[in-house]
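The primary structure of each chain is shown beneath.
There are 2 protein chains.
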Amino acid sequence: METKSKEKKTKYPSELRQDLVTGDWVVIATGRSKRPEDFFAEREEIERIEKDEDKKCFFCFPEETGQEKDVLIYANSEGDWSLRVFPNKYPALLRGKKINHWEEGPYFAMDGVGYHELVVTRDHEKSIGQLDVLAVAEIIDAYQDRYISLMNKKSVNYIDIFHNHGKSAGASIVHPHSQLVAIPVISPYVKAELDGAEIYYRQNKQCVYCAMISWEKEKKLRVVFENDEYLAFCPFSSRVAFEVWVIPKKHKPYFERTGKEEKIKVAEALQGVLEKIYKRLNNPDYNFYIHTSPCDGKDYPHFHWHIEILPKTSVWAGFELSTGVEISTIEPEESARYLREKML
Amino acid sequence: METKSKEKKTKYPSELRQDLVTGDWVVIATGRSKRPEDFFAEREEIERIEKDEDKKCFFCFPEETGQEKDVLIYANSEGDWSLRVFPNKYPALLRGKKINHWEEGPYFAMDGVGYHELVVTRDHEKSIGQLDVLAVAEIIDAYQDRYISLMNKKSVNYIDIFHNHGKSAGASIVHPHSQLVAIPVISPYVKAELDGAEIYYRQNKQCVYCAMISWEKEKKLRVVFENDEYLAFCPFSSRVAFEVWVIPKKHKPYFERTGKEEKIKVAEALQGVLEKIYKRLNNPDYNFYIHTSPCDGKDYPHFHWHIEILPKTSVWAGFELSTGVEISTIEPEESARYLREKML
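If you're matching them up, the sequences are chains U and Z in order. Counting in this note's numbering, the first sequence runs from -17 upward without gaps. Counting in this note's numbering, the second sequence runs from -17 upward without gaps.
Fair warning: there could be bad hints in the mix.
Copies of the same chain are indistinguishable here, so a pair counts whether it falls within one copy or spans any two.
Stated by the list, open to error - Subject to a maximum C-alpha distance of 16 Å in a straight line, what follows is the list of computed EDC-like cross-link-like pairs (lysine to aspartate or glutamate):
| id | residue 1 | residue 2 |
| --- | --- | --- |
| 1 | K201 | E86 |
| 2 | K242 | E180 |
| 3 | K231 | E200 |
| 4 | K173 | E211 |
| 5 | K135 | D278 |
| 6 | K199 | E86 |
| 7 | K199 | D210 |
| 8 | K149 | E208 |
| 9 | K202 | D20 |
| 10 | K201 | E85 |
Hint data in this document are derived by calculation from the structure and do not stem from the laboratory.
Given the sequences, and given the hints that come with them, work out the whole structure.
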């Protein structure tokens, strides 16, 4: 965030551009660009390309398919790798030491400097709900390890960790993988939660997430899973059918400070919920992500980190895109009841 | 917004629930509910249902397929209908005079009272880009007519007008149609624009949209279409490839006050852009919607109504869902250049 200039100096293949009205940011990443005419290729052409890609899995054979070298690798006692993290070959943000800010007329933008990494488990098919708890704990370990490595970098103010499962949820490669994107700005959705949590605390002298947890634990209307340390429930204002949050029961603002034993417990909760979703809902596509406090050097004592899981039950169409109001066709209480039921 | 009660009295098939952290709203509309096990039916089953629905089009034969009576119908000189508006058979919000507010523990909600209507053009296949300008002007007329009929209803504070084209953009019925949803709350995306426009005005003594229009008209870097009254351009911070806004060149806060001759001009601009998108991009799926000032009785002198068109070029996956930061892989300047080129 060092250099401020009045004009764009060099062409950078990733830019963060600010919406002049709302202040939100978008990433324009032309490094992975297609020609304009390729955006809407014929369906057959797309299917042909996808078939070709299936031939040699990028993640089963990372070296042979030209991935960059691992930044982290976990191996079992026989020396076989079980999990590895490497930089995304087609990153949305690019590593760099200096961020140039620039203007164009009334608009503001900056170079898209950051980190974009992939967290890959070994098995080509098994998704998180099908893994055992220890394997999932290894994934949580890797998230935390990479988070801590990147959080103090000069260009990094927020680290987003997310997982896309299935094509309709945006997973372009079938081999299970999570992603970690470290960005120089605080994203608007996280900001809305940070601000909301602070306002609620000022008005109620209580963390808003702790208030929810206490109510959900007492009523058990929307609880899907619970262990000593974590609660999983369908939120009262679920945006999609079968939305589930996994949250530490004690007040914890920072994901990266999760202790060793807690990590086993969060793995148990995440795996438990994803297994229910896998079995009860016929292996649907889904996204999940972590919302945690920014790593911008400020304190966020009123935030409470958590995981949000969004099964892909519907397309967000004109109404949702226009208003930001989502329409769900099942009550969260009913979603939770259905997921909670004894597994087949 | 009359009744406030401490608990939920009767089961209402549509609810507006508020997110306790962000203040955003979701609609839980169980009237069109499926059983939990139907959310993720096998693909073949879904395709079978879709095929069945294709047999008799709901919109070609509205009476025979059990649609409610029109609230508006336009006919040609021979008496054949060319456009009709009727209430959605599966509404997200339900008509009602009184809105019950209720609480559950820390949470807030209200009955999902509002209006949900469909604007249907006659031709079963021709999308807006393929219609002539006068037919599109008729659509704009219908939007305005219904807007004015609903804007003063007691339960209505915002009216969202949108259009989904193609299955990946959420159109569940192929016959071209737009939707109008009148809701009791101001939606978060519109609120972000209203607030942003007001802040910009206070700081710059100018409408933020007028500032953009003036820059875009001068530079022509991102202009796609222009006539006397309207400008169409790819916004500087486009969220998706080939995003286009259509906006009145003069400062106009309220869509519903669009004059008769202006309506022809907005139809010309909307049709012109959608025709370019249809021809240049191989008939992609898209959403468009109108952002205009709320009809909540307050004045919004700093807002500037416009249409936002979002071609469906990608799935919003974990990163976008988590952060609200969209990733686009083509520069808006390149999108505009490609759309602007002489049509084939």
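Okay, which hints does this one fail, numbers in order? 2, 4, 8 and 9
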